[in-house]
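Asks: Sequence:
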Amino acid sequence: MDPKISEKAWNPELEKEILNQWQKEKIYEFTPQEDNFTIDTPPPYPSGRPWHIGAAAHYSQIDMIARTARMSGKNVYFPIGIDRNGLPVELYTEKKHRIRMRETERGEFLNLCRDALDDLEAEMILIMKNLGISGDFTNYYRTDSEEYRTLTQSTFIDLWKKGQVYLANRPNNYDWVSGTTIADAEIIYEDLPTKLVYMKFKIKDTEKEIIIASTRPELICACKTIIVNPEDERYTQYIGKKVIVPITNVEVELRTHHSAKQEFGSGAVMVCSYGDQNDVALFRELELEEIVAIGLDGRMTEAAGEYAGLKPKQARTKIIEDLESRGFLEKKEDIIHRTPVSERSKIPIEIIPMEEYYLKQKESVKKIKKLGQEITFHPAMHKQILMNWLESINIDWPISRRRFYGTEIPIWYCKNCSEPHVPEPGKYYKPWSEKCPITNCNKCDSSEFIGEERTFDTWMDSSVSPLFVSKFGKDDKFFNMVYPASIRPQAKDIVRTWLYYTLLRCEQLTGEKPWSDAWIMGYGLDEKGMKMSKSKGNAIDPLPVIEKLGADTFRFWSASEINHGYDFRCNEQKIESTRKFLSKLWNVSRFLSSFPVIKSGTLNASDKWILSELDNLIKECKKGYDDYNFFIPAIAIREFTWNIFAAHYIEMAKARAYGIEFSDEERDGAIFTLHKTLSTILKLLAPITPFITEYLWKILYSSESIHKQRQVESENVEVQSNITKEITEFNSKVWNEKKSQNLSLKDSIKIEIPENLKPFIKDLKSMHNLLD
RNA sequence: GGGCUCAUAGUCCAGGUCGGUUAUGACGUCGCCCUUACACGGCGAAGAUCCGGGGUUCAAAUCCCCGUGGGCCCA
Numbered sequence: 001m002d003p004k005i006s007e008k009a010w011n012p013e014l015e016k017e018i019l020n021q022w023q024k025e026k027i028y029e030f031t032p033q034e035d036n037f038t039i040d041t042p043p044p045y046p047s048g049r050p051w052h053i054g055a056a057a058h059y060s061q062i063d064m065i066a067r068t069a070r071m072s073g074k075n076v077y078f079p080i081g082i083d084r085n086g087l088p089v090e091l092y093t094e095k096k097h098r099i100r101m102r103e104t105e106r107g108e109f110l111n112l113c114r115d116a117l118d119d120l121e122a123e124m125i126l127i128m129k130n131l132g133i134s135g136d137f138t139n140y141y142r143t144d145s146e147e148y149r150t151l152t153q154s155t156f157i158d159l160w161k162k163g164q165v166y167l168a169n170r171p172n173n174y175d176w177v178s179g180t181t182i183a184d185a186e187i188i189y190e191d192l193p194t195k196l197v198y199m200k201f202k203i204k205d206t207e208k209e210i211i212i213a214s215t216r217p218e219l220i221c222a223c224k225t226i227i228v229n230p231e232d233e234r235y236t237q238y239i240g241k242k243v244i245v246p247i248t249n250v251e252v253e254l255r256t257h258h259s260a261k262q263e264f265g266s267g268a269v270m271v272c273s274y275g276d277q278n279d280v281a282l283f284r285e286l287e288l289e290e291i292v293a294i295g296l297d298g299r300m301t302e303a304a305g306e307y308a309g310l311k312p313k314q315a316r317t318k319i320i321e322d323l324e325s326r327g328f329l330e331k332k333e334d335i336i337h338r339t340p341v342s343e344r345s346k347i348p349i350e351i352i353p354m355e356e357y358y359l360k361q362k363e364s365v366k367k368i369k370k371l372g373q374e375i376t377f378h379p380a381m382h383k384q385i386l387m388n389w390l391e392s393i394n395i396d397w398p399i400s401r402r403r404f405y406g407t408e409i410p411i412w413y414c415k416n417c418s419e420p421h422v423p424e425p426g427k428y429y430k431p432w433s434e435k436c437p438i439t440n441c442n443k444c445d446s447s448e449f450i451g452e453e454r455t456f457d458t459w460m461d462s463s464v465s466p467l468f469v470s471k472f473g474k475d476d477k478f479f480n481m482v483y484p485a486s487i488r489p490q491a492k493d494i495v496r497t498w499l500y501y502t503l504l505r506c507e508q509l510t511g512e513k514p515w516s517d518a519w520i521m522g523y524g525l526d527e528k529g530m531k532m533s534k535s536k537g538n539a540i541d542p543l544p545v546i547e548k549l550g551a552d553t554f555r556f557w558s559a560s561e562i563n564h565g566y567d568f569r570c571n572e573q574k575i576e577s578t579r580k581f582l583s584k585l586w587n588v589s590r591f592l593s594s595f596p597v598i599k600s601g602t603l604n605a606s607d608k609w610i611l612s613e614l615d616n617l618i619k620e621c622k623k624g625y626d627d628y629n630f631f632i633p634a635i636a637i638r639e640f641t642w643n644i645f646a647a648h649y650i651e652m653a654k655a656r657a658y659g660i661e662f663s664d665e666e667r668d669g670a671i672f673t674l675h676k677t678l679s680t681i682l683k684l685l686a687p688i689t690p691f692i693t694e695y696l697w698k699i700l701y702s703s704e705s706i707h708k709q710r711q712v713e714s715e716n717v718e719v720q721s722n723i724t725k726e727i728t729e730f731n732s733k734v735w736n737e738k739k740s741q742n743l744s745l746k747d748s749i750k751i752e753i754p755e756n757l758k759p760f761i762k763d764l765k766s767m768h769n770l771l772d
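Numbering (our numbering), first residue to last: 1 to 772.
Source of the hints: derived by calculation from the structure; they are not laboratory data. Some hints here could point you the wrong way.
Each computed DSBU-like pair below joins lysine-lysine, with the alpha-carbon atoms no more than 35 Å apart [said to hold, decoys possible]:
| hint | residue 1 | residue 2 |
| --- | --- | --- |
| 1 | 477 | 608 |
| 2 | 443 | 415 |
| 3 | 129 | 74 |
| 4 | 765 | 750 |
| 5 | 24 | 765 |
| 6 | 261 | 95 |
| 7 | 208 | 129 |
| 8 | 360 | 427 |
| 9 | 24 | 599 |
| 10 | 738 | 8 |
| 11 | 580 | 548 |
| 12 | 725 | 623 |
| 13 | 242 | 204 |
| 14 | 492 | 96 |
Working from the sequences, and respecting the hints, build out all of it.
Replies: Right under this line is the structure:
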């Protein structure tokens, strides 16, 4: 009998053909019905080359979610989008063309950004397609499209009218390299070397002085008070006294506050506007009047007196010299200080009072907590990330950014009285280049307006992704059918941003939660467990890996190596060796392809045994698939296919399947069982490795795609795991015995079959050529 | 300083809820073998103080406590 499959190994080249076929047959097309399964797919951000291999693994798994849902009979809506707003592309464009954003005409700069995005996007789309992602690429969306930005602006206008947005002058995190305010969520902390300066402050009307340690002596001009811990006995006698600030000679009060740590520095702390977040909190709590010491240009202001115009770092050096020459310096220490830096530009942020727009969020925290409780997290432990974040929210969300490549804030100001005017929702507005659609100021009737130049924080765009894909405000019928979405898959590091902001915005706009499930994946690390980054040079380009080894190998690696929710290491060699399993599956199928597919047969003990193990495998896979944890089925299927089915059952049933010294009925039992097992394995594996399973399925079992099949269900057969152990141990014993006697595997040998294995005697005898 | 999480062979990882034979599997290494699905293979072998200390128990990789060291998050 000739096998239908003749090639000896799975050829990843075949994936292209299969891909074309899927495209031609449109097998993943979505038409909304009653019971839809909507995936709020993360739109990836094209920030540079290469795309992160961890992201490729991430999207492979998101596709497994879609395929799992489809095979469980759900009508899957799997949109694809690309996130294109924000700072990274501006920095990329500045670097690529060696220009500066603020020195380039805005329209021209935007065009350059758009071109860069198009390039990077093309590569990401190519990778996603090649990975076999079964999403809707024909209608893929961009967050910088007119349609998307219209939604962002419309939702803003809605919230503006509801009084959820306000303008406030507050200390803000300012990244003066990118020239913009940033949200708390965009700050990271880095341990940086700095000097801790011990300064002498005189107590007024005495000869005494106290020592104050600070890492920011240049802010001395903005010092408003000195605090000590109320339990610090060194300072009890000075509480309430005036202290003279060196250099500026300003008098400030010494008071107590629990946030002063006795063991840090001298225990006395100067409170300036603004050295850190604690200063901000203290100014608010003690109702101190702020002094703006650092300007938007990143330089010291007039308030800094003789240091005006210097950068804070220069001012620091100079003031240390001056303190020393004027006798105010006690000592300085080199320390490592946890410094807040901008996540994007990696530069220490300054806290500067600025006027920005805020979206109210504090009063929503309680509601969001409740929604969070209702959402099922996969894995459950990552709900904690959201809850911890909700605990720490203490200010509203600053949503305006002084950048170019983002959705414009749709506001015009009356040139005469400065009254802000917001246009009607439903259109995309560019106030920096367009005329105000409102003809007269509703306050002073003036007809001249100035357009707002700022853009939104990008999370304002991405936080409405579930609304965009469900056509919120555009197609009510469609919206009602697909919203709320079923699942939000995303990475762990953006729980406090993307996940949280989406909850906030969707709750504000619809009063509902945006999805019932959240699926959180860990980070892709390099082979040593370090975070991958372009600057470290440890990034792996996924494209050549996928091209060389094929999508299925990559996908199976992703499923079998990444325990859901935990960080994972990416190692090319590991990915390569995963291929062996596909090879095994191929060859098992090749062997089976020499036998006809038959509907039934008389089962013997071996057949019943492997089918019971198979049933157990189905249950195990279901456990994983129900939780969208692909690690469980991947490991279980590999173990079963390789180490039980191929290594033991096929060997036991081989002679019988060929019909050598067996009756036709006995033969059919073997052939039936072999096919039943393989077809089940293929279906169980289909969400993980869609290409090879499709190919084998079509050759062996049906002209209809495996991705149109329903997943197999357990028949609740009792497991015979003790028998499995005895069989594998007995087979090993025979192989070992032959080896120690220098016999070939086909040579005959005399070995006693254990009592429990008597029902398998005929198969075992033919397998090992056992003598009576 | 607080939270989450991890620690098991050269490497990755299972087991841990619910304590109980010889600690799972893969990669890699070594040896033998072309046995009509597969040399991208088969069989076999070597390789683990289950991070340290203490406690509970007849019995701890597993439960509890105290440390140590990584990763991430927050302040």
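Asks: Determine for every hint whether it applies to the structure shown.
Replies: Going down the list of hints, with the structure as the test:
1. With a CA separation close to 51 Å, the supplied pair residue 477 and residue 608 exceeds the 35 Å bound.
2. Of the supplied pair hints, the one linking residue 443 and residue 415 holds, its CA atoms being roughly 12 Å apart against a limit of 35 Å.
3. For the suggested pair residue 129 and residue 74, the alpha carbons sit about 22 Å apart, so the restraint of at most 35 Å is met.
4. Between residue 765 and residue 750 the alpha-carbon distance is near 10 Å, which keeps this suggested pair within the 35 Å criterion.
5. The hinted pair formed by residue 24 and residue 765 fails the criterion: a straight-line CA distance of about 51 Å is larger than 35 Å.
6. Restraint check for residue 261 and residue 95: not satisfied, since their Cα atoms lie roughly 44 Å apart, outside the 35 Å limit.
7. With a C-alpha separation of about 74 Å, the suggested pairing of residue 208 with residue 129 is violated against the 35 Å cut-off.
8. With a C-alpha separation of about 24 Å, the suggested pair residue 360 and residue 427 falls inside the 35 Å cut-off, and the hint holds.
9. Among the hinted pairs, residue 24 with residue 599 is consistent with the structure: their alpha-carbon atoms are about 32 Å apart, no more than 35 Å.
10. Of the supplied pair hints, the one linking residue 738 and residue 8 holds, its CA atoms being roughly 28 Å apart against a limit of 35 Å.
11. For the hint linking residue 580 to residue 548, the alpha-carbon distance of about 14 Å falls within 35 Å, and the restraint holds.
12. Pair hint residue 725 plus residue 623 holds up; C-alpha atoms about 23 Å apart against a cutoff of 35 Å.
13. Only pairs whose Cα atoms come within 35 Å are accepted, and residue 242 paired with residue 204 is accepted, the gap being roughly 5 Å.
14. For the suggested pair residue 492 and residue 96, the alpha carbons sit about 30 Å apart, so the restraint of at most 35 Å is met.
Checked against the numbered hints given earlier, the structure breaks hints 1, 5, 6, 7 and satisfies all the rest.
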